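Colleague: Construct the complete structure from the given sequences, taking the supplied hints into account.
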Amino acid sequence: MLRLAPALAIGVLLAPVACGVLATLLPAFGYLPALGGREFTFDHFATLIDYPGIGRSVLLSLATGLLTTVIALTIVLTFVSGWYSTVTFARVQYLISPLLSVPHAAAAFGLALLIAPSGFFFRLISPALTGSSRPPDLFILNDPLGLTMMAGLVAKEIPFLLLVTLAALPQTSARRSGQIAQAAGYGRIAGFLFTTWPLVYKQIRLAVFAVIAYATSVVDVAVILGPLTPPPLSVRLTQWMADPDIAMRFVASAGAVLQLLVTMVAIFIWIGFEKLATRLVARKRNAGHRFVKENWARLGGLTLVLLVSAVIFLGLLLLALWSFAGFWAFPDTLPRGFTVVNWGRALPSLAGPLTTTLLTGFVATLIAVCLALACLEREARTGRTGGSRALLFIYLPLIVPQVGFVFGLQLFFLGAGLDASWGALVLVHLVFVLPYVFLSLSDPWRAWDPRYASISYGLGANPNRTFWKIRLPMLLKPAMVASAVGFAVSVGQYLPTLLIGGGRWPTITTEAVALASGGNRRVIGVYAFVQMLLPFVGFALATIIPAVLYRNRSDMRAAS
Amino acid sequence: MTGLLLEDVVIVLDGRELMRLSESIAPGEILTVMGPSGSGKSSLLAYVGGFLPASFQARGNIVLSGKQLNNQPAHERHTGILFQDPLLFPHMSVGENLLFAIPSSIKGASRRRLAEKALSQAGLDEFFDRDPATLSGGQKARVALMRVLVSQPRALLLDEPFSKLDAGRRDQIRRFVFDEAKRQNLPILLVTHDKADADAAGGKIVDLDQ
Numbered sequence: 001m002l003r004l005a006p007a008l009a010i011g012v013l014l015a016p017v018a019c020g021v022l023a024t025l026l027p028a029f030g031y032l033p034a035l036g037g038r039e040f041t042f043d044h045f046a047t048l049i050d051y052p053g054i055g056r057s058v059l060l061s062l063a064t065g066l067l068t069t070v071i072a073l074t075i076v077l078t079f080v081s082g083w084y085s086t087v088t089f090a091r092v093q094y095l096i097s098p099l100l101s102v103p104h105a106a107a108a109f110g111l112a113l114l115i116a117p118s119g120f121f122f123r124l125i126s127p128a129l130t131g132s133s134r135p136p137d138l139f140i141l142n143d144p145l146g147l148t149m150m151a152g153l154v155a156k157e158i159p160f161l162l163l164v165t166l167a168a169l170p171q172t173s174a175r176r177s178g179q180i181a182q183a184a185g186y187g188r189i190a191g192f193l194f195t196t197w198p199l200v201y202k203q204i205r206l207a208v209f210a211v212i213a214y215a216t217s218v219v220d221v222a223v224i225l226g227p228l229t230p231p232p233l234s235v236r237l238t239q240w241m242a243d244p245d246i247a248m249r250f251v252a253s254a255g256a257v258l259q260l261l262v263t264m265v266a267i268f269i270w271i272g273f274e275k276l277a278t279r280l281v282a283r284k285r286n287a288g289h290r291f292v293k294e295n296w297a298r299l300g301g302l303t304l305v306l307l308v309s310a311v312i313f314l315g316l317l318l319l320a321l322w323s324f325a326g327f328w329a330f331p332d333t334l335p336r337g338f339t340v341v342n343w344g345r346a347l348p349s350l351a352g353p354l355t356t357t358l359l360t361g362f363v364a365t366l367i368a369v370c371l372a373l374a375c376l377e378r379e380a381r382t383g384r385t386g387g388s389r390a391l392l393f394i395y396l397p398l399i400v401p402q403v404g405f406v407f408g409l410q411l412f413f414l415g416a417g418l419d420a421s422w423g424a425l426v427l428v429h430l431v432f433v434l435p436y437v438f439l440s441l442s443d444p445w446r447a448w449d450p451r452y453a454s455i456s457y458g459l460g461a462n463p464n465r466t467f468w469k470i471r472l473p474m475l476l477k478p479a480m481v482a483s484a485v486g487f488a489v490s491v492g493q494y495l496p497t498l499l500i501g502g503g504r505w506p507t508i509t510t511e512a513v514a515l516a517s518g519g520n521r522r523v524i525g526v527y528a529f530v531q532m533l534l535p536f537v538g539f540a541l542a543t544i545i546p547a548v549l550y551r552n553r554s555d556m557r558a559a560s
Numbered sequence: 001m002t003g004l005l006l007e008d009v010v011i012v013l014d015g016r017e018l019m020r021l022s023e024s025i026a027p028g029e030i031l032t033v034m035g036p037s038g039s040g041k042s043s044l045l046a047y048v049g050g051f052l053p054a055s056f057q058a059r060g061n062i063v064l065s066g067k068q069l070n071n072q073p074a075h076e077r078h079t080g081i082l083f084q085d086p087l088l089f090p091h092m093s094v095g096e097n098l099l100f101a102i103p104s105s106i107k108g109a110s111r112r113r114l115a116e117k118a119l120s121q122a123g124l125d126e127f128f129d130r131d132p133a134t135l136s137g138g139q140k141a142r143v144a145l146m147r148v149l150v151s152q153p154r155a156l157l158l159d160e161p162f163s164k165l166d167a168g169r170r171d172q173i174r175r176f177v178f179d180e181a182k183r184q185n186l187p188i189l190l191v192t193h194d195k196a197d198a199d200a201a202g203g204k205i206v207d208l209d210q
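Line order of the protein sequences matches chains E and D.
The first sequence begins at 1 in my numbering and counts up by one.
The second sequence begins at 1 in my numbering and counts up by one.
Think of the hints as simulated: they come from the structure by calculation, not from any bench.
Any given hint could turn out to be false.
[What the hints assert, rightly or not] Taking lysine-lysine and the DSS-like style, the derived pairs with C-alpha atoms no more than 30 Å apart in a straight line are:
| # | chain 1 | residue 1 | chain 2 | residue 2 |
| --- | --- | --- | --- | --- |
| 1 | D | LYS67 | E | LYS469 |
| 2 | E | LYS202 | E | LYS275 |
| 3 | E | LYS202 | E | LYS293 |
| 4 | E | LYS469 | D | LYS117 |
| 5 | E | LYS469 | D | LYS107 |
| 6 | E | LYS477 | D | LYS140 |
| 7 | D | LYS117 | D | LYS140 |
| 8 | D | LYS204 | D | LYS140 |
| 9 | E | LYS477 | D | LYS164 |
| 10 | D | LYS117 | D | LYS182 |
| 11 | D | LYS140 | D | LYS182 |
| 12 | D | LYS140 | D | LYS195 |
| 13 | D | LYS67 | D | LYS182 |
| 14 | E | LYS469 | D | LYS140 |
| 15 | E | LYS284 | E | LYS202 |
| 16 | E | LYS469 | D | LYS164 |
| 17 | D | LYS182 | D | LYS195 |
| 18 | D | LYS140 | D | LYS107 |
Values in this document were obtained by computation on a predicted structure and should not be read as measured data.
Modeller: Structure below.
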């Protein structure tokens, strides 16, 4: 069984992506026999290009992907280099970790409630500073340049990039290199940039690519915060994919191929950036620039990271507030009263999607954790790791944009008669859950002292007994945290749920995003609050269960 | 043939021969292998115990109580090991650490009795329900030894087990380990870089440096 685990895991990661891309390519060039397409043609691309504003949509996607990644990575780099191994750093790390589990849609809704013209911010300063008791006439939400959407994405990318950077840091000698550089007269930031960052970046590079791919093709955040006329490419694709006119599937496929190209181009441009930045950094380093006057940069980095955390937390608070809000007119800062009516009204229609969300997340996570554990256990017993190629497989579903292959996968499932089945939904969630579970679990798993296993064998315990009685219980906390990560990923899935579920398996997330255009803030508050709460409960359980089980084992607390 | 036999054992890392050894250790005897770090002395124990990392190559027969071990998996070799650190399983109580080690052929209430007896032998009465984290270094070392002994090993492998103890306690623990192991008539393979360990062991000394 264990021997099959790596092949099975690679199959789970590779097969859906490969089938999905193939089943996108063929219809894009006109081949889809089920719908009468038997000849290869470029017609659908011609139709696609004739859509008004398609060029603008493409540019929006490209710019969003590159800009948000540059901004988020710069902020993370400035903050980490300016503050690592300080007390402030440890505190901020503590503050920002929970943000990672906040689903994108909930964070985007929270941001909308905060900065919309009739949102919390303008309520706070109206009429005192605006001089008006009406919402200002500003195009903030859904602005045509997509600035609000980019802000929302940056806010969610920062916690992610920060945490992958933190995971990479222990494998470098950041502290010592920094001390040496500072002794040679370099500022903290320059010292870090010149000595440690290249090593860190090598480790987080695939994660950065995943961020670019995500931001060039995001749907849920774009629907909530992004421009409407025209929206980014991915949003238009999603509309075409859901079009009742079946012929639109050809155009949607052509569009998905275009999306794949856009993401590829974005990554290529990024690789160009990398080369340029490497050369620039090398020139500054060789010239011996010390960058001693860095306080402005350190403070700037810290401020931005804190601002981002504050904005997300405030947004989440507003979701909760709106879900319980009674009468709340502009420019009142707070509602006049609180009520449970909103919840009472939403609950009957919430129950079904909630059940689907919980069951799908639970089953996909369970399978993912078992697979990841089996792979890691096999690795430990044979002493063979998958190396860098395995890492590429793990990141594959995160680097190929979702719109680029999930639509094809839907056509594939359609052909296999599995469309809109719950099994297919779990499978597609598994594709995205497994990479995160594996990434979260592998570091603590590999860091475990192998001498415990040697001792256990020496005491006569076979490998299975050693796994169940020693290794898994000792690594219970990382295993639980990985499960919580997996569950959070599943809860947050929008597009795969929408497309593969075929509308028959609505979840909290698809329902919440569907509410975006309606603009009923109380209902949005309820759904987005629940969406945010689910991952939070997962992480709370992952902390509480090991703590209770091992309440009398102080080394188990210290170890985690 | 009783005892532990090492026949033409050769350990190689990256094409470089780390050591070559042919020795026999009778029951109740101690063979001390001395050498600086990197001399491959720990990999010798790993080879005998059956958990040598794949990056090493090794050959040579290992025979324990007349049985060839080479193709036996680690958990069927009955070679108990003690490392520098006591490595008590942190999620179990002291008593559970011992229960884990007691062979499954011993059943029922006698398991607990055996564990309690071992603790009392180590001067650790009333420690059964304790959290291992609350023990002193010397107490942990004694529990680690008793954990190995209750598993009924046929040989004992010691990987510098005294080097992290403070000087005052080292002699006492060393004496305790050697006495207990000899009482059970076990062949002992000790690797160390500390001459005092070798002298206290009182058996044959192989110095890899020469």
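Colleague: All hints are to be evaluated individually against the structure, with a verdict given for each.
Modeller: Outcome of the hint check:
1. D:LYS67 - E:LYS469: Measuring from Cα to Cα gives roughly 29 Å; hence the hint holds.
2. E:LYS202 - E:LYS275: holds (13 Å)
3. E:LYS202 - E:LYS293: With a Cα-Cα distance of about 28 Å, the restraint between LYS202 of chain E and LYS293 of chain E holds, given a limit of 30 Å.
4. E:LYS469 - D:LYS117: holds (23 Å)
5. E:LYS469 - D:LYS107: holds (18 Å)
6. E:LYS477 - D:LYS140: holds (24 Å)
7. D:LYS117 - D:LYS140: Since the Cα atoms of LYS117 of chain D and LYS140 of chain D sit roughly 16 Å apart, the hinted pair holds (cutoff 30 Å).
8. D:LYS204 - D:LYS140: holds (28 Å)
9. E:LYS477 - D:LYS164: holds (29 Å)
10. D:LYS117 - D:LYS182: holds (18 Å)
11. D:LYS140 - D:LYS182: holds (20 Å)
12. D:LYS140 - D:LYS195: holds (24 Å)
13. D:LYS67 - D:LYS182: Holds, at about 21 Å.
14. E:LYS469 - D:LYS140: Given pair LYS469 of chain E, LYS140 of chain D holds - Cα atoms ~20 Å apart, limit 30 Å.
15. E:LYS284 - E:LYS202: Holds - the C-alpha atoms of LYS202 of chain E and LYS284 of chain E are around 20 Å apart, at most 30 Å.
16. E:LYS469 - D:LYS164: holds (27 Å)
17. D:LYS182 - D:LYS195: Holds: LYS182 of chain D and LYS195 of chain D sit about 20 Å apart, inside 30 Å.
18. D:LYS140 - D:LYS107: OK: LYS140 of chain D and LYS107 of chain D at ~26 Å, within 30 Å.
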